[in-house]
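Asks: Kindly generate the complete structure, drawing on both the sequences and the hints.
The C-terminal residue of the sequence shown carries number 203 in the UniProt record's numbering, and the numbering is unbroken.
Just so you know, the hints here were simulated from the structure itself, not pulled from any lab data. Using N, Cα and C, we set each Cβ at its ideal position, and we do this for glycine too. Check before you lean on any hint, since a few could be wrong.
Below, computed lysine-lysine pairings styled on BS3-like, alpha-carbon distance capped at 25 Å [stated by the list, open to error]:
#1 LYS53 - LYS151
#2 LYS75 - LYS53
#3 LYS53 - LYS67
#4 LYS66 - LYS53
#5 LYS75 - LYS55
#6 LYS75 - LYS95
#7 LYS95 - LYS115
#8 LYS115 - LYS66
#9 LYS55 - LYS115
#10 LYS115 - LYS162
#11 LYS55 - LYS66
Label pairs and their calculated CB-CB ranges [claimed, not checked]:
#12 LYS115 - SER144: 33 to 39 Å
#13 SER148 - ASN99: 30 to 36 Å
#14 ARG46 - CYS166: 18 to 24 Å
#15 HIS16 - CYS166: 34 to 40 Å
#16 HIS73 - GLN181: 55 to 61 Å
#17 PRO71 - CYS166: 40 to 46 Å
#18 PRO22 - SER148: 32 to 38 Å
#19 PRO9 - GLU155: 33 to 39 Å
#20 MET102 - GLY123: 27 to 33 Å
#21 SER134 - LYS162: 18 to 24 Å
#22 LEU203 - SER158: 24 to 30 Å
#23 GLU192 - ARG46: 31 to 37 Å
#24 HIS21 - GLN196: 51 to 57 Å
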Amino acid sequence: MADGKSTDPTNLPFSHPLFLHPSETQGSTIISQILTGAENYTIWSRSMTIALKGKHKVGFVDGSCKKSDQPPHLKDQWERCNAVILSWLLNSISKELANGFMFHEDAHRVWADLKELFDKQTGSRIFALHREISLLRQGPSTVSSYFSKLKELWEEQSILVKIPSCQCSTSTDFARLIQQQRLLQFLMGLNESYSQARSHILL
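Replies: Structure (structure tokens):
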């Protein structure tokens, strides 16, 4: 007689990609970002990947967890997991975009199509980021809010424009140059009431 623990999906360990917690339902959302297009695809895909990795479900979108690889007694469980993850994706994109994916039945297909649709526009997004960073000003915002917005743009930029990760002096010098550039970008956007502090920092 087969061991019940090996065939019952409810006995799967938490680390198993087919494990589903009772709170992981089709009506839930796992990230706060809503994908609206190329302008926020990088941040959205990064956030979704991190969330799925935390739930051991990233294999459903990168194609490494396939139904065909599952034993017969877990194929239905794979279908349930796929349906939940598919709903997580659809729940995290704008209604206008979601309408075009409602008849997709595979989470990996939706993920791949979104990547094909928006990730190929990397060059134009890098240009838009450079422009947005250069034009960003503190205005009525607090210094903290202004810096948070700038940091958000920098983080997206660092995903699209990779900084060399080797330990050589060239990599270190490049990283230092990026930090100096960001300091100047931050100072340029501060209100004139901070001109004295800005001058002191630049000495």
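Asks: Straight-line Cα separation of LYS115 and LYS162 no greater than 25 Å?
Replies: 18 Å, holds
Asks: Quick check on a hinted range of 34 to 40 Å for HIS16 and CYS166, using CB atoms only.
Replies: 36 Å, holds
Asks: Taken at face value, is the distance from the CA of LYS53 to the CA of LYS75 at most 25 Å?
Replies: Status holds; Cα separation ~21 Å.
Asks: Is the gap between the beta carbons of HIS21 and GLN196 within 51 to 57 Å?
Replies: 55 Å, holds
Asks: How does the Cβ-Cβ distance of HIS73 and GLN181 compare with 55 to 61 Å: does it lie in that range?
Replies: At roughly 56 Å between Cβ atoms, GLN181 and HIS73 fall inside 55 to 61 Å, so the hint holds.
Asks: Is LYS75 close enough to LYS95, meaning Cα to Cα at most 25 Å?
Replies: 30 Å, violated
Asks: That 18 to 24 Å hint for ARG46 and CYS166 (C-beta), does it hold up?
Replies: 23 Å, holds
Asks: For PRO9 and GLU155, compare the CB-CB distance with the range 33 to 39 Å and indicate the outcome.
Replies: 38 Å, holds
Asks: Within 33 to 39 Å: is that where the Cβ-Cβ distance between LYS115 and SER144 falls?
Replies: Holds: the Cβ-Cβ distance is about 34 Å, inside 33 to 39 Å.
Asks: Are PRO71 and CYS166 spaced within 40 to 46 Å by their CB atoms?
Replies: About 43 Å separates the Cβ atoms of PRO71 and CYS166, which means 40 to 46 Å holds.
Asks: Could you grab the alpha-carbon distance between LYS115 and LYS66 and see if it respects the 25 Å cut-off?
Replies: Status holds; Cα separation ~19 Å.
Asks: Should the hint that SER148 and ASN99 are 30 to 36 Å apart at their CB atoms be regarded as holding?
Replies: Taking Cβ atoms as reference, SER148 and ASN99 lie about 33 Å apart, which means the hint holds.
Against the hints set out earlier in the document, a violation occurs for number 6 only.
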